[in-house]
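Protein chains in written order, with this note's numbering: chain F, 4 to 263; chain P, 44 to 199.
Derived by calculation from the structure, the hints in this document are not laboratory data.
Only a predicted model underlies this, so the values are computations on that prediction, with no experimental measurement involved.
By construction, the Cβ of each residue, glycine as well, lies at the ideal position given by its N, Cα and C atoms.
Some hints here could point you the wrong way.
[As the list claims (entries may be wrong)] Stretches of chain F that chain P covers, calculated by requiring three or more beta carbons in the stretch to come under 8 Å of a beta carbon on chain P: (1) 164-174; (2) 184-193; (3) 211-222.
[Claimed, not checked] Here are the computed lysine-lysine pairs in the BS3-like style, where the Cα-Cα straight-line distance is at most 27 Å: (4) P/Lys70 - F/Lys200; (5) F/Lys200 - P/Lys102; (6) P/Lys137 - F/Lys200; (7) P/Lys88 - P/Lys102.
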Amino acid sequence: MIARFLGAVGAWLRRSVQDLGFAVRSFFIIIASSGGLWRRPRLVIEQLFFIGNRSLVITAVSGLFVGMVLGLQGYYTLTTYGAEQSLGLLVALSLTRELGPVVTALLFAGRAGTSLTAEIGLMKAGEQLSAMEMMAVNPVERVLAPRFWAGVIAMPILGAIFTAVGIIGSYLVGVVLIGVDEGSFWSQMQSGVDVWKEVGNGTLKSLVFGIAVTFIALFQGYQAQPTPEDVSGATTRTVVISSLMVWWLDFMMTALMFSK
Amino acid sequence: MQRKSLDVWVGLFVLLGVAALMFLALKAGNMSSLSFSKTYTISAKFDNIGGLKPQAPVKGAGVVVGRVAEITFDDKSYQALVKLDIEDGYKFPKDSSAKILTAGLLGEQYIGLMPGGDSEMLQNGEQIKKTQSAVVLEDLIGKFIYNKAEEPVKPK
Chain F
4 MIARFLGAVG AWLRRSVQDL GFAVRSFFII IASSGGLWRR PRLVIEQLFF IGNRSLVITA
64 VSGLFVGMVL GLQGYYTLTT YGAEQSLGLL VALSLTRELG PVVTALLFAG RAGTSLTAEI
124 GLMKAGEQLS AMEMMAVNPV ERVLAPRFWA GVIAMPILGA IFTAVGIIGS YLVGVVLIGV
184 DEGSFWSQMQ SGVDVWKEVG NGTLKSLVFG IAVTFIALFQ GYQAQPTPED VSGATTRTVV
244 ISSLMVWWLD FMMTALMFSK
Chain P
44 MQRKSLDVWV GLFVLLGVAA LMFLALKAGN MSSLSFSKTY TISAKFDNIG GLKPQAPVKG
104 AGVVVGRVAE ITFDDKSYQA LVKLDIEDGY KFPKDSSAKI LTAGLLGEQY IGLMPGGDSE
164 MLQNGEQIKK TQSAVVLEDL IGKFIYNKAE EPVKPK
């Protein structure tokens, strides 16, 4: 019985390592076969529309509400210290550094990642990818690479929009509704938010999350067995794995970027 | 080239992203306060800089006239050597003095320049002779306790 248990553990380990290796290899294959996109930018633009524009409303609305809630909660907490003037700084720092990139990445995984996985999974189930290969069209170059780059481009844009809308939301609640002084709201924010340290690192975070989430979504779709159960399972795995990945990457990057 | 409407929407999406970044950089960030005007460098030695950091403002009469460029330790005089980038338009007399001050009770530290009466102005690379260090809270408390202990005990 012990032998069987150890065998199962060993098989699981071997499969995990093999999956990881296959994922890394696929990542480089996608990067390597992206060269043709310079000749066909339309492929990326089409995907950018589906991934970016279609995620715009959910991202902006979430940003607005996150900003408004932050403004409200921050105000209640800061008034106990008589520091409600720092509301703008508090909101801007939390949005640019953490909430903007992370929440956008989670939304992005749910909104765009799942649709990518389902699309690729169904393409594979319907043997469309094999058909492409029969026609001497490389499915990685034609299907995976444009989606990958569209996701990588869309995510920082969405993150920036989320953060900007969030700050506007907190402005609406903090200044317009509650009546925090407008001058100190903006000037405290400007004195505390550095363009490179906060905005630049936040955008870098969004970019890394975009790479991770989009790749995980594509990989899960490509790897899914061509059955209805496994395509739906792959969609779930996309959300679970990319969320966990986003948390882990965020922790690592925060430790590296803001340690000083 | 067909399907032009799609291009418009994608272009709009990218523009929106650029606008958001511009908003973050200019309205929320300190891009607008970063001055790209020409500066000249002067230096000052302090016994103790407290919590002064690079990029801290240099103020004359409360107005920002420059930034702290770099802070190094001078192992000859055991003092902190602070380089200040002052904007070209602002000239200070040679015998000006520099103080490390604190904005508010617990705020950030900055350098205050007090103009002297000399008719010659500080040039690029020159040093401010008169400086006053940052107030360190522990020293202040130590001094207070020391003075208290020196007071004669009041007869009952």
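Here is how each hint holds up against the structure:
1. 164-174: holds (count 5)
2. 184-193: holds (count 3)
3. 211-222: Not satisfied, violated; 0 residues make the cut.
4. P/Lys70 - F/Lys200: holds (15 Å)
5. F/Lys200 - P/Lys102: Judged against 27 Å, a Cα distance of about 24 Å means the pair holds.
6. P/Lys137 - F/Lys200: Violated, at roughly 36 Å.
7. P/Lys88 - P/Lys102: holds (17 Å)
Going through the hint list in order, the structure does not satisfy hints 3, 6.
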